[in-house]
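**Student:** Protein chains in written order, with this note's numbering: chain G, 1 to 300; chain S, 301 to 507; chain E, 508 to 635.
The set of hints was computed from the structure by calculation and includes no laboratory data. For each residue, glycine too, the CB sits at the ideal point set by N, CA and C. There are no misleading hints in this set.
Just a few of them, taken from the derived set where beta-carbon distance is under 7 angstroms, the chain E residues facing chain G: (1) M515; (2) A548; (3) T552; (4) A556.
Heads up, simulated DSSO-like pairs for lysine-lysine below, C-alpha to C-alpha not over 30 angstroms straight-line: (5) S:K390 - G:K15; (6) G:K207 - G:K17; (7) G:K247 - G:K237; (8) G:K15 - S:K386; (9) S:K390 - G:K54.
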Amino acid sequence: MNVIQCEDLTKSYGKLKAIDYLSIEIAENKITGLIGRNGSGKTTLLKMIAGYLKPTYGELKVFSEKPFNSLFVSENSIFIDDAMTFPDSFTLTDILTEVAPFYANWSSSLAKGLFDYFSFNPKQPHSNLSKGSRSTFNSILGIASRSPLTIMDEPTTGMDSGVRKDFYRALLRDYLEYPRTIILSSHLLSELEEILEDILLLDNGTKRLHLPVMELKELAVGIRGNAQAVLSFVEGKEIIYQENFAKGSLYVVVRRKLIQHQFEQIRLSGLEILPVSADDLCVYLTAKTKGGIDDVFKRG
Amino acid sequence: MSSKEANLLSISLKQYFYKLKANTGLLNRLIITQIFALFLSLVGGSGMRSSSNGELSVSLKTYSASTVIFFSLLWIVIVAIFLTTKQYKKIEIPLVVNRLSGSLSDVGLLMTASVFAGITSSLAGVFLRVIMYFTFDRSKLVINGFVLPLSDLWLGFNSCDFIHDLNLRAGLFYRDVDSSEYGFRNISSHRNFGNSKSLSRFFLGSC
Amino acid sequence: MILNTDSMKPLYVQIAEWLEGEILSENIKEEERIYSQYQLAEMFTINPATAAKGLNILADETIVYKKRGLGMFVSPNAKQFILTKRRSRILEQMIMELVMEANRLDVSESELNRMIQLARQNKEEKQL
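One chain only, chain G, in its complex shape:
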């Protein structure tokens, strides 16, 4: 069953297309990572799925319904980002108590457990929290709601690495016990990828890749060593990324499929075959120029 389905989905602001003819399907009870550069349309897409923004064009169905202004979709989803606001008069414990009735699967014990674990002050107002604490608190809401569709837009902003580890673990553990569809957008793919099942990579509002993380990590390989030797092997093949990092040395990234059969030869030529992390690959695939930032420094 596809929880989210969209076809030719477009969202434009005047001439600017935040989402450009996007067609994807997200299946039930998977943890999907939404990755992409700033401005690639991640937040716009998530907000449309959550029902806050209306598509300009194209079809979007969440739980087989149009999400915009849908009470049904709103009941079965939760959208967590750092812009969430609560009444000034509410303390943190008030928020947990008052938001609970809206979400049928809410677990007060989990909320309280996480709240105490992260040592929150029950009497504190939400607006006084530091950035990291706010993200932590908001993510408690997201996890404890056990909402069938849980969407988190950069939930780890401001969290220190210890808290992030706890967050991933808490999210995964609760997901294992109470499966639900989770979509997380993040810039820290390297940390996040282990708990992800699928990755959706956006580039300028379009789908660049949508596949299981396991496939993404094996999609490409890096070949490093003598420039001429490297080039001879990748001749005629699509180069995803290349970098001259030392005199006569070259690092090149190509699709594994294209070069797999030549691995032994490559090694025998004294070249190194290196894995390409999912993080790096996503960056290379959405780069603006082939050479990267070094181009700026090349002139003069």
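Starting from the known structure of chain G, arrange chains S and E on it as the hints suggest.
**Tutor:** Quick look at chains S and E alone, frame taken from chain G:
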């Protein structure tokens, strides 16, 4: 279909309670406004008539709750306007909402507020008379009963509803259907308010 | 970090190899139920789909088998099978790489053999 409507009602109800708890600060401001109005009416009175007949002149000052009601109305108007601001609407985001339920719970809030304001302003009227009874020169007083006039209550209640409806319609004309951030703007959902609709028809003509 | 995310070896392969190690050391005996994908996911903080793929590799090689409704169990003779497999595949691969590296560094066959013997002696000394 009926389960959807029951759902809408139950969610609107949940939102209503949430908003009620969220906005208890408004109550304080109401009380302060009413005390201020009370003071004004003690000093100035709500009305004054005088007539003279050559040798005899009579001047009549009336004291009633109308000043308090007026100020309470002002308070309601301000609250109604406040309910349409983005800042207020933002608190709905973490909750389960759609435009209709959001508006319904807003109506519920305003109705509660107007009932409350109606009651307290009428009580203020009584309180005013009590003060006058004990402080003014009794020989000059003509008392028209201490009883809580139902008309005051009804007036307060309905005026507030009307103001709210007015505000919602005003909201129509200067906000987008789909404002760039949140889809909470409202065009058609206020069609379903029974009370305000009839009253506003009376005051404004057709919809 | 219990698993190595930077290695050429995909996570699910590392899971499979870890499970093989558990079978070899008899932490999980033959005909015993092996960890489920959910248990593995919790143990290593990974997505259960990744763990499932690791288990499937073992199932494909018949090291484990599925009992419907009950989960995955270690096949009889799995330990022997793994030993043989590792000997032929992994050790041979290591030896190939050793030979290639020795070649690259201009190390002769006799010198290489001597180095191997030295390593063995050192290991035995350390164990004493």
